[in-house]
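Under the working numbering, the first residue of the sequence shown is numbered 28, with each subsequent residue one higher.
Worth flagging that the hints you see were computed from the coordinates, not collected in a lab. Please note that a few of the clues may not be correct.
To be verified - Simulated restraints on C-beta separations:
| no. | residue 1 | residue 2 | range |
| --- | --- | --- | --- |
| 1 | Pro140 | Glu40 | 28 to 34 Å |
| 2 | Arg73 | Thr33 | 18 to 24 Å |
| 3 | Leu134 | Ala112 | 20 to 26 Å |
| 4 | Glu40 | Ser104 | 17 to 23 Å |
| 5 | Glu215 | Gly126 | 29 to 35 Å |
Said to hold, decoys possible - Using 30 Å as the maximum straight-line C-alpha spacing, the simulated DSBU-like pairs for lysine-lysine come out as follows:
| no. | residue 1 | residue 2 |
| --- | --- | --- |
| 6 | Lys88 | Lys196 |
| 7 | Lys88 | Lys197 |
| 8 | Lys88 | Lys135 |
Glycine included, each C-beta is placed from N, C-alpha and C at the ideal position.
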Amino acid sequence: MAEIWTEWSDWAEGLTEGDWATPSRCPGWTVQDNLAHIIGTERMLRGETAPDVEFPTGHLKNAIASGNEQWVESMRSMSGAEVLADFRTVSAQRLEHLGVMTDEEILKVGWSPVGEVPYLRFMHVRVYDSWLHLEDCRAPLGHQPSTGGRPAEMAVAEVTTAAGFVIGKKAGAPDGSRVEVILTGSVEGVIRVAVDGRAAVVQQLDGSPR
Numbered sequence: 028m029a030e031i032w033t034e035w036s037d038w039a040e041g042l043t044e045g046d047w048a049t050p051s052r053c054p055g056w057t058v059q060d061n062l063a064h065i066i067g068t069e070r071m072l073r074g075e076t077a078p079d080v081e082f083p084t085g086h087l088k089n090a091i092a093s094g095n096e097q098w099v100e101s102m103r104s105m106s107g108a109e110v111l112a113d114f115r116t117v118s119a120q121r122l123e124h125l126g127v128m129t130d131e132e133i134l135k136v137g138w139s140p141v142g143e144v145p146y147l148r149f150m151h152v153r154v155y156d157s158w159l160h161l162e163d164c165r166a167p168l169g170h171q172p173s174t175g176g177r178p179a180e181m182a183v184a185e186v187t188t189a190a191g192f193v194i195g196k197k198a199g200a201p202d203g204s205r206v207e208v209i210l211t212g213s214v215e216g217v218i219r220v221a222v223d224g225r226a227a228v229v230q231q232l233d234g235s236p237r
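Construct the complete structure from the given sequences, taking the supplied hints into account.
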């Protein structure tokens, strides 16, 4: 977590207000909104409640999306520099808290966006989310993508875990399908999914991709 948040902080240091206002790869969100989203999630995990602000809800599909948008809207009146300063404060506080958690606390099962899982697993999702949103902001500004490292590897691991759901349910791959996704770039790998009744990630395919 410290690695990706430091990367975020260092990358954002030289951004202009024009950069902060640039639309990101996330529909409806600027570069600044992406960092505000990360701040909001970490504040939520500290037990804070999102400020009472008005925001459009017609496009939101669930309570998580609504909560995200509420936090983001609450910081839209701030400058990019102010949001970055807030991020540095909140991330430092969160890292301090994570550093003193006991094994029992970090392994305790509870709510997360991916279901009831140990808190440690939830933090892996937070690394993925932070890494992905940084990439969502780098691309539209014409900046170079991630050069790899542990956060990128953890992000790819999260994508791999969800590949069965994405390919089977979201993409609607028909029964009997065999799908192979070859990853290139800073993190290389191969994700294989077999659809037999339901889609699942497998080590090897029993046949050619189809």
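Are any of the numbered hints broken by this structure? If so, which, sorted upward? Number 3 only.
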